[in-house]
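Quick one: dock chain against chain with the hints and give me the complex.
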Amino acid sequence: MIAPVATPQVVSNSGARRRLRQLRRQPAVIAGLVVIVAWFALAALAPVLAPYEPLEQNILQRLQPPNETYLLGTDELGRDVLSRVLHGGRITIPAGLAVVVINSIIGWLVGAVAGFAGRVWDEVMMRVTELFMAFPTIILAMAVTAALGPEIRNAVLALIIVRWTNYARLTRGLIIEAKTHEYVDAARALGAKNPYLLFKTLLPNTIAPVVVYGSLDIGNAILLFAGLSFLGLGPEPSSPEWGRMISIGINFFDQWWMWLFPGLAIASLVMAFNFIGDGLRDMLDPRTRV
Amino acid sequence: MPLYQYIVRRVLFAIPLVLGITVVAFLIANAIPADPINANLPQSALNNERLVAAFREKWGLDQPLHVQYLTYLGNLLQGDMGVSIRTNQPVLDDIRQFLPATVELATTSILVGLLLGVSFGIVSAVWRNSPVDYLVRVLALIGVSFPVFLLALIGLSVLHAQLGWTAGPGRLGFLVSRPPHVTGLYTVDALLAGQWATLRDALWHLVLPSLVLGMYVSGIIARITRSSLLEVLSSDYIRTARAKGQREAFVILRHGLSNALIPVVTLLGVLYGNLLAGAVLTEAIFAWPGIGRYAYRASTSQDFPAIMGVSMLIAFIYVVANFIVDFLYFFIDPRIRYA
Chain B
1 MIAPVATPQV VSNSGARRRL RQLRRQPAVI AGLVVIVAWF ALAALAPVLA PYEPLEQNIL
61 QRLQPPNETY LLGTDELGRD VLSRVLHGGR ITIPAGLAVV VINSIIGWLV GAVAGFAGRV
121 WDEVMMRVTE LFMAFPTIIL AMAVTAALGP EIRNAVLALI IVRWTNYARL TRGLIIEAKT
181 HEYVDAARAL GAKNPYLLFK TLLPNTIAPV VVYGSLDIGN AILLFAGLSF LGLGPEPSSP
241 EWGRMISIGI NFFDQWWMWL FPGLAIASLV MAFNFIGDGL RDMLDPRTRV
Chain H
1 MPLYQYIVRR VLFAIPLVLG ITVVAFLIAN AIPADPINAN LPQSALNNER LVAAFREKWG
61 LDQPLHVQYL TYLGNLLQGD MGVSIRTNQP VLDDIRQFLP ATVELATTSI LVGLLLGVSF
121 GIVSAVWRNS PVDYLVRVLA LIGVSFPVFL LALIGLSVLH AQLGWTAGPG RLGFLVSRPP
181 HVTGLYTVDA LLAGQWATLR DALWHLVLPS LVLGMYVSGI IARITRSSLL EVLSSDYIRT
241 ARAKGQREAF VILRHGLSNA LIPVVTLLGV LYGNLLAGAV LTEAIFAWPG IGRYAYRAST
301 SQDFPAIMGV SMLIAFIYVV ANFIVDFLYF FIDPRIRYA
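Chain order of the listed sequences is B and H. Start counting the first sequence at 1; every next residue gets the next number (my numbering). Start counting the second sequence at 1; every next residue gets the next number (my numbering).
The shape of chain H in the complex, shown without the other chains (with noise of 0.2 Å):
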């Protein structure tokens, strides 16, 4: 199958989940509440009749149901979200602003939570069974069972506090201003302004938080990569290339690695996902301006349109790197190309 047939084929697959995902925001946003509009409006709305009904008006709210959901598929077509109750200002205004943050750490952690979690698998499936297994594997263990608001709490006590070997909370130090916008990504932002010293701190304020997600996702990985480069390695072709007289190191990593991270790449989607979700708990600790601490004071204030906008986000994002994934496969997974 040709790539530009087989990107076609996924990009038909997800436009029904998309338009799915709208259909389960809308209910719970719509149907769920006692009433939508105590929980869409300020309180000091509620009493202007005016704005009231510019609401059930503007969300079509005296419409049927299947009407009100065009409604509401036509204003998100416009990028219109609502308006956040906390910060009085439009949902997608407040997630553009916020986003760049939580992408940046979601991305080095996932980097960080891939190079441990597939060194972490190699060396547990490669000495199985030995002192370093058992190490990893609780280690992986409890990367996957310590709640990450632990971890985070944890990480800054010790290393940061106590030691001093991490920076603290934020995404930069008090004395360091922001490095010119461009992507809203701190260490992007500093490289293209030229400002070592910028980067360099941001760098240095990303250490904890993405070590603490990253140990949530190595965990995840480690365990996949052991289970996986096990069943890889008893295979016949591997005892081939030994006895072909191929050195160790190249049959493990070449022959060995090459098909094992197949199901580690499927994961990777969903752990992306997961960790944009995992960032509401972690961003809350590091003080760390993103859409998971904006979704944690939505939710502590009670600021219903906020969460709705966040978690559709989410769901979006979840399903674009789910495609990313797909499309990584193809080149990754012969048989896809071939079949």
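This is chain B alone, in the form it adopts within the complex (with noise of 0.2 Å):
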């Protein structure tokens, strides 16, 4: 569903390399890369591996269950489940990582403002912050995109403009960490104006932890992102992406396949950056580690 109440944690980057090993040591870690892997193989290689064209009708063979020719069976319009399945990733995928590219942006910078200016600024911006946190993420979105009219882009949308507040948060506490060292005394004893303070010397040494946290949180952008498809605010309904595919599918409850695959689609993929976030959770936290 929405967002698992997760909050930001300061990743250091000390022992990096050390913690790297040990990452890759979790087999659910490993599992979880080896799904996120081939579903972003599966999408990429869709039109090559997809047995018919996603949007290929063959009425005289609606609504098969899965079969030999068929694998996860047909819809209402005899089109391949699997097929549709495969080029979904293509929607969901890309959808869900310009959500949280351009989030971690725009979560940065107003983190950072707020961090670095401190004060006044650091007060409003925070207040604002809150506010759009006060909004259930899908319910603002929903709002967002039934006034923008109901389009892919305008849902990828309507995530960036309600889903950066975690980001700004992460980024404050960085920010206002980051600013008490040496270094960025040493920067502006030499002469470096904000701007230069802000992106050349606070950016690199802040950004890592958004990163990581950013990946973490593709899952759950997806998982938005394919509720308010479900919901028909995203892509027209002939679309292969997975939320619309259960959306038509509810009408077909007897069905199983046509709403079961794009659903198991989505769960795999999602819990899949579960596994690696609890991984890492596992991993930076020494409290909950023996």
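If you are wondering where the hints come from, they were derived from the structure by calculation, not from laboratory data. Fair warning: there could be bad hints in the mix.
Partial chain B-side listing against chain H, Cβ under 10 Å, derived [said to hold, decoys possible]:
1. G227
2. W242
3. S268
Backbone N, C-alpha and C fix where the C-beta goes; we use that ideal spot for every residue, glycine too.
And the structure:
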């Protein structure tokens, strides 16, 4: 459903390599990585791998249960579910990626300015952030998409507008911590101006945790995007997008293959991201370790 | 700090947030759509110049933006959230009609989620790294990773259609008549009227949807309870309690859990808001006549005023829920009282 409430954790750079080695030893993390890489590959190669065209209708073969010709069955217009699920990755995965990348850029900027400028700026920007957090993500995204019109682009835009808050809070904390370091004083003493300090001195030193958090957040972004398109607020009805396929599939409840397979596609991908997230958390938080 | 002072302070904190919510809602409603008139009036009214002019005047659309906001706020204070394009009724009336079903569902779901989540979390922390722990962690992971609409469909198809263990969609069976309206919560109304058969049927219909939503909640709560309890159990006062020879169950529940639950309580307010939002996706599948289904149908028919009304309502409930959580905090965390 909606983003599991995860507090962004400040990740320090020290011993990064050792931790990376630990990470690779965790079977859950490996499994998560394998699933994600597999999905990226399936989506990228969908035009080659898919046995049929995702929009190709064969009305005589409609609502076929999974069989040898149609491995995952066919939908109400006789379109091949397997081909549609494979092609669906080409919509959902890039949409999730786009949301997270732009979220982290906006969030980093807002958080960095708040943390760097301090005082009134900090106060105002953090209050605005809290405001956006008061609206449950999917509802606010629904309102924005409804205002802009149901389209893939608008669904992505809506999620961008509503989801930058965690990144801003994470970055603010990192910047406040980072600016106490001597290298910042040193840069300032050498005559560096604020923009230079922000982008050349502080950015490289605070970006790593934001990237880590963002890569784990892709799963949540995908879940929300699929939710919006399930509500009919994303791609048009014929689109092979996973959430959209499920919302059509509800009308054919007994033809379970129509909704189960796109659903499992979303679930497997999101679970893979959460596997990696859990692995990282266990590793970085010494309190839950013996 | 005495209780009343604490409450006053919390209320003062909430006021700017509530005002802020109306600003955000106003900006989405009036600044984002290319043409708010197109977004807020049904097609039939758009051809009628007098209706368009009346709408323009009522919401002050020819005024500067800040005046528009004040008009909007004034209308809002009088309970005017606009008229739903789909149902042709004031949005507030619609909400009043559909909200009880959602409150009933969200409340049972959070209870189910709390019960399952906390017990799973305890089991998982006490027997950590055992097969039970792994099982619980996988279940929790499924709870937070599976889209609710998928869980709902799987639940309906397996538990209802295949096994017949739970009721199907809807709040009551076809042959059961509604209890007399008092609160709108069927379980409470049936109880008040002493209609036991209706009560049983209403509860029966609540089982599956609240399990589905509860699964998501319990996933989050189990994870937090587990890590928080693990942290508490490694602290010195737990060792002291054990050294005094207290029974292990007492140490874990009384000393451990009561402290470990503080972060869980903090989350409850956020979770309740999330649940109301998650209801949008669940109610659509369970034909549950709540605001979630209302919002779903509004979104599929481009009923913009209705969507704005629901989002503002849920944001308000979110603020109130967190207020209640702060209030609970006062009782469970003595550090606030003596601070």
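* Asked: Which hint numbers doesn't this structure obey?
  -> none
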